[in-house]
Amino acid sequence: MATYSTNEFRPGLKVILDNEPCSILDNEFVKPGKGQAFNRVKLRNLTSGRVWERTFRSGESLEGADVVDLTMEYLYTDGEFYYFMDPNSFEQHQADIKAVGDTYLWLKEQDTCEVTFYNGIPLSVTPANFVELEIVETDPGLKGDTAQGGNKPAKLSTGAVVKVPLFITRGEIIKVDTRSGEYVARASKS
Amino acid sequence: MVSTRARLEALDTLRTSIRRYFKKQGLVEVQAPMACQFGTTDPALHSVAVELAGQRRYLQTSPEFALKRLLAQNSGDIYAFATAFRDDEVGQWHSPEFTLLEWYRLGFDHHQLMDDVEALIRHCWDEAPAIERISHADLYREITGVDSHASSLDQLKAAASQFGFCGDLDEHRGSWLDALWVAAIEPAIQTRALLVYDFTVEQAALARLGSVDGQPVAHRFELVIHGVELANGFWELTDAKEQARRFESDRSIRKDRGLEDVLPDSRLLGCLDQMPSCAGVALGFERLAAMILGYDQLASVQALAWEDA
Chain A
1 MATYSTNEFR PGLKVILDNE PCSILDNEFV KPGKGQAFNR VKLRNLTSGR VWERTFRSGE
61 SLEGADVVDL TMEYLYTDGE FYYFMDPNSF EQHQADIKAV GDTYLWLKEQ DTCEVTFYNG
121 IPLSVTPANF VELEIVETDP GLKGDTAQGG NKPAKLSTGA VVKVPLFITR GEIIKVDTRS
181 GEYVARASKS
Chain B
1 MVSTRARLEA LDTLRTSIRR YFKKQGLVEV QAPMACQFGT TDPALHSVAV ELAGQRRYLQ
61 TSPEFALKRL LAQNSGDIYA FATAFRDDEV GQWHSPEFTL LEWYRLGFDH HQLMDDVEAL
121 IRHCWDEAPA IERISHADLY REITGVDSHA SSLDQLKAAA SQFGFCGDLD EHRGSWLDAL
181 WVAAIEPAIQ TRALLVYDFT VEQAALARLG SVDGQPVAHR FELVIHGVEL ANGFWELTDA
241 KEQARRFESD RSIRKDRGLE DVLPDSRLLG CLDQMPSCAG VALGFERLAA MILGYDQLAS
301 VQALAWEDA
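Going down the list, the protein sequences come from chains A and B. In terms of my numbering, the first sequence is numbered consecutively and its last residue is 190. In terms of my numbering, the second sequence is numbered consecutively and its last residue is 309.
These aren't lab readings, by the way, just hints derived from the structure by calculation. No false leads were slipped in.
Some chain A residues judged to face chain B by a derived CB distance under 10 angstroms, without partners named:
#1 N7
#2 D18
#3 E28
#4 K31
#5 G33
#6 K34
#7 A37
#8 F38
#9 N39
#10 R40
#11 W52
#12 R54
From the three backbone atoms N, C-alpha and C, an ideal C-beta is built for every residue, glycine too.
Just chain B, with the same shape it has in the complex (with noise of 0.2 angstroms):
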């Protein structure tokens, strides 16, 4: 058993080398504000309001709507660890409360942004594995062979049943594809470490749209190391229309699951076509950490444990 004492330091080392790496390359700490006047509309998170001196807050799911305020105030480059609520999320990699390491370069695309990111695994990880790039079409192809851009719904149903998926769901292709991930390719990918790109255009959240080799595709990407999905990215959608009508799809889906509506956060749509080109991705801290030090649940490397705290 590893004394508190050596698991906090050895996580204080951790937080150490990231901002000497963050200093090197010229981004700003920032302290985002965690408890603002808007929540999230996205489907798959839910924000918790709060009641804070008379107002209705929402805790934040992650700090990228206060970020992108900043960087349309010209802030340049920035980062934040931040303390994110999602609620209902409790798992051996999942807690309500954990920290996200939220970063963005501006006049980056996300494929340079991938080499920020393997480069801080890197400079903070001595035995970091060799990461391979795959994209989105490649790996669905390679592990449950359909096409993630083109199957069809009933192929994606097909396939999905096919490798122990049970029960239904909406009639997203999205959803689908979800399931798959979960059912088919995490389990296939436990002894790798992945960054994968160019998601489909039904899972670009606020990724921009782009083409590739003529197929229309969302530049995101993920880095998911032995399974645990450790970071999302994208190069980021700086139009303020095509934000704001994706604001409106979720909300769409939000009722046809019977979730509670969100409002979209006026301020970020009111300042989105300041924000320069560039380039965003938010790390789970707390999930690299334990995968650095050998942990294989987030309870080992938080201070006191969600279930303790």
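So here's chain A without its partners, still in its complex pose (with noise of 0.2 angstroms):
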């Protein structure tokens, strides 16, 4: 694998920190006006999902990590693993729920999704910033209350819990922002 310079650390390029592969977010030229040149960087170790600031002196380079992000389709799980394919070459691919973390929420079978892979094996796995999933358990919706006012939690087939408004029902299907855990709106029917 390559390695980077202070320099070409741009956001999104993936590098290895004290053994992990991490993400670069942001790189910044800092230099004391009577002093060495230093770059503060911002990089998320992939692994723990952990945000860490650290400072290097302008030069110095760290060794690339071989990560890359393929869109898959989900295909299920045995509880042990999460089984994903490239919906190009059909190729399939197991997650152990390490990698999945709290994904699994958002997972519907034949969705697709993106999943990181480092050195070949799933390091992480990002759901669709939207997804459809049917409410499985709810309070029974009140009538005429279709307007304003109030939500109630309801619980999703794949186990998420989510705040709906009153009116929606068990049953339905209704379209979540994964990124916040929030209802957007009921999906049409299928």
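Assemble the dimeric complex from its two separately framed chains, guided by the hints.
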């Protein structure tokens, strides 16, 4: 793998720091008037998701990390692993619970999502920004309450719980923003 | 989006306001030459050499040496808006070509010059923040826990790593104090306006040395607002022998770091003993302008940004 110097650090570049794959978020050139040049860098540790702030002498370099993001179709889970398929090659990959993390809450079979591989092994899974899921449990809807005011918890087929307006009923499909975990709208009936 | 005309007018107003302040204070504006026969030995700066009229000349990293030679010729209090060139400096707050506002006050020490800097800032910036004065030692102790004058190299290294510094530097205390500045201090002073004074002797640059409560210090200061260094000033060294020794020490650091050798400015050294006692400061004009006008990068106050020039 190539190495990258601080002046090549751009947002999105994947590097290895402290043996962990990281993605550069921000790189600021800083130089005291009478001192050497440094770079203050923000990186996301791709394993833990934590953001690190590190300072490097300008010109220092880090090894690139073999990290690729692939769009894949989610197939199913056997409880231990989650299975994904590359829609082009039909090749299947299994990701463990650690890599999937809380993303399982937004995974519906046949939906596409993004799988991040590190050295060929799934490191993390990112759901689509919007997913449509069925409500399996919620209090009965209140008639006529279609305009505003109030919401109630609703449990989705994946196990996720989101707040929905009072008029939404069990069995309906709703659209959810996976980044905020918030209800967006009723989905058109499929 | 502010129109080009409005932006240029705001900068013009600021320059006029600065000139009015200096006029009132009795300073004379000087057009300093910026393509000179000598570069700077400062290991942290890279002067660019150019060929002009068949001669090798160096684009100046500041008008300092030219202005000091004028002071030695009894110019009296002077100031200059100078276009300075520093190779390899590009970033949010850096441009390889930028404007330094530099001035010298005869008979001042660095404390009097700090008063002057603060008065200028208040004169041209209605909403200037209140400026705290803090010694270099107090600032490092407060934020990093190290004693900037006395902590050992190993203690400085340990503190730097604790504040997220990765990698290695040379074995100079000054280098590790810089690393701590960038990794620990700057991020911690993003909402403060500070005049930091009495640096360590390793960071003296062109300041005279002195002693405060028995602690040897360099009479140097910096104005730092919201983590951005706006100005650097010295109670100036007027001892040619000591200056020559520092130039040689710069050259040996350059050699250690594998940098190109630079000859000391013999014309400056030849007249430094005649320079009257004074204090001088260089202020980044575009940085100040950006801060006053509410921008967070130099490019916003350059007539045409570096990338676009």
